[in-house]
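Novice: Read off the chains here:
Protein chains: 2
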Amino acid sequence: MIQLEQDILSKNNGYASENRRHFADHGILALNLVSSPGSGKTSLLVRTIQEIGGDLACNVIEGDQQTSADAERIRETGAPAIQINTGKGCHLDAHMVGHAVEHLSPADGGVLFIENVGNLVCPASFDLGEAHKVAILSVTEGEDKPLKYPDMFAASDLVLVNKTDLLPHLDFDIEAAIANARKVNPAIRVLKVSARTGEGMGAWIAWIKAARAMALAGHETLKAGE
Amino acid sequence: MIQLEQDILSKNNGYASENRRHFADHGILALNLVSSPGSGKTSLLVRTIQEIGGDLACNVIEGDQQTSADAERIRETGAPAIQINTGKGCHLDAHMVGHAVEHLSPADGGVLFIENVGNLVCPASFDLGEAHKVAILSVTEGEDKPLKYPDMFAASDLVLVNKTDLLPHLDFDIEAAIANARKVNPAIRVLKVSARTGEGMGAWIAWIKAARAMALAGHETLKAGE
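The listed protein sequences correspond, in order, to chains H and P.
So for the first sequence, the numbering used here puts the first residue at 912; every next one is plus one.
So for the second sequence, the numbering used here puts the first residue at 912; every next one is plus one.
Simulated from the structure, these hints should not be mistaken for lab results.
All of these numbers come straight from a predicted model, not from anything done at the bench.
The reader is advised that the hints may include incorrect statements.
One copy or any two copies: either way a pair holds, since identical chains are not told apart in the list.
Calculated cross-link-like contacts (lysine to any residue; reagent style SDA-like; alpha-carbon spacing at most 20 Å) [unchecked claim]:
hint : residue 1 : residue 2
1    : Lys-999   : Leu-920
2    : Lys-1103  : His-1080
3    : Lys-1103  : Leu-1081
4    : Lys-1120  : Gly-1020
The following block holds chain H by itself, in its conformation from the complex:
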């Protein structure tokens, strides 16, 4: 079983490298959004795309076991989106994403959001070629999630603590949640956001723009070095 797992992961890593090379060649910032089901990823993405407005070309790959509901919600913002249904599968893999990128042809110099299947376990092991994994943690989920699902929080560079508008109605200790995330990943960045009220959206979009500037800088370096 361990050998088989390594074969699958090594095959996936090959496809992920191809994706990463494609993103670098085209100056695309690819973000892999990971979370529990129902953390509010799609609502957050809709608001993010609306607030980014014309500043930056946004493209979206949506992953779900079934339905194309999320891609439809994204397309209503005007952003191109493609839905991957994983069937029995519990995560996106780099091969699926490579195919979706071919169909979608995301614009050079823009942002590609990849919304993974809602699952705090399986997507942690599968590199899609993204620049960063971004974990979304809803305040309704409890402070202990980073400790119970440590691989996901260890693999992420940023955690968005979402649905902060609900804090007055919950017994959620946000500082304890952040401390738990830092226990498994001392370098993780944390932003508090609410897709409903807009709290923290400015800081999140500033983070995206900074990460995209880094992706472009890598792109320029590559061009200069060719």
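Please build the complex by placing chain P on the supplied structure of chain H, with the hints as guidance.
Specialist: Chain P in isolation, oriented as in the chain H frame:
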């Protein structure tokens, strides 16, 4: 890959049959609780055990990637509990549960709650030998979850719509969520509960007692037929 998946599932099903036979021999009602991370399974379980009081012996198997926090929370109620850490694994399997049952030796004629890893995909395929899968859906997760994770809701006999105390603060359409669950599983039973306020706990405990009476009836039939 498909052959391998069938091998794993068929091996699991063998262990599940052994577990089911053990539960039947001992008149134990085994319930497999499945949900997203953060749906409130453990809090619900704590309150359930407290409200059942001395009426019924309760034992608990807790599944998580990491930590033994949940088993500790359960033990504070006085109920025996054992924690299984799945490491990289995204679900409990029947072999793990069989071992846990050996260690725990749950009382004859009681209820064994098996709290699976928080994950709406992987646990759907793995029979643990339980009498029923019970899905917990938090009202904070959105109405679309049954459609996006249909296997889990198709495999469950009961869905507990949890955290109903938060409904006044959400745009959640509970009737749409129930209709979506019935689309993928017309026979599914639905109960609305709140582990915080106690709403619906009476109906949920009545369901447990009825299911346990059925398990005992099966047990008596078995004894009579021996």
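Novice: For every hint, state whether the structure bears it out.
Specialist: Here is how each hint holds up against the structure:
Within a single copy, Lys-999 and Leu-920 get their C-alpha atoms as close as 18 Å, and across copies as close as 13 Å, so both meet the 20 Å cut-off. In the homo-oligomer, the alpha carbons of Lys-1103 and His-1080 lie at most 20 Å apart both inside one protomer (16 Å) and across protomers (19 Å), since each shortest distance falls under that limit. Within a single copy, Lys-1103 and Leu-1081 get their C-alpha atoms as close as 15 Å, and across copies as close as 19 Å, so both meet the 20 Å cut-off. Taking the shortest alpha-carbon separations for Lys-1120 and Gly-1020, only the intra-copy value of 11 Å comes in at or below 20 Å, while the best inter-copy value is 60 Å.
Of the hints listed earlier, there is not a single one the structure fails to meet.
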